[in-house]
Structure formats: structure tokens, C-alpha cells
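Use the sequences and the hints to build the structure in full.
Heads up: the sequence shown runs through residues 1068 to 1112, numbered per our numbering.
Derived by calculation from the structure, the hints in this document are not laboratory data. Some hints could be false.
To be verified - For each label pair, taking beta carbons as the anchor points, the in silico distance ranges come out as:
1) R1106 with I1082: 47 to 53 angstroms
2) E1088 with K1108: 42 to 48 angstroms
3) L1087 with K1109: 29 to 35 angstroms
4) M1072 with R1107: 48 to 54 angstroms
5) K1108 with F1086: 30 to 36 angstroms
Cβ coordinates follow ideal geometry from the N, Cα and C atoms, glycine included.
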Amino acid sequence: MSISMKYTRLISSRIYLIFLEAELLIGFAESVGKVKIDRRKKVVN
1068 MSISMKYTRL ISSRIYLIFL EAELLIGFAE SVGKVKIDRR KKVVN
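Have a look at this one:
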């Protein structure tokens, strides 16, 4: 029982970390994309 609990905790923590990393990467990509879009708008204007 304890071994399975440890494994489930490990798996859940890994999934949580993966989700956190994905959110950080998406946020970083969005910020970079916004900066690029802003620069393009400035160039157009």
C-alpha cells in the first residue's frame, strides 16, 4: 500500500511539474509573441 502511494505521489508531482513548466513556456511564448506583434505594429505605424 505504502509503495503504491509513493508511486502515485511521484507521478502526480511529476504531472504537476510538467503542467507548471508548460504554463511557464506558454506564458513566455505569449510574452515574446506580444513583443514581436508590438514591434510589428510600431513598424507599420
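Worksheet entry | Index of numbered hints that the structure contradicts, given in increasing order | 1, 2
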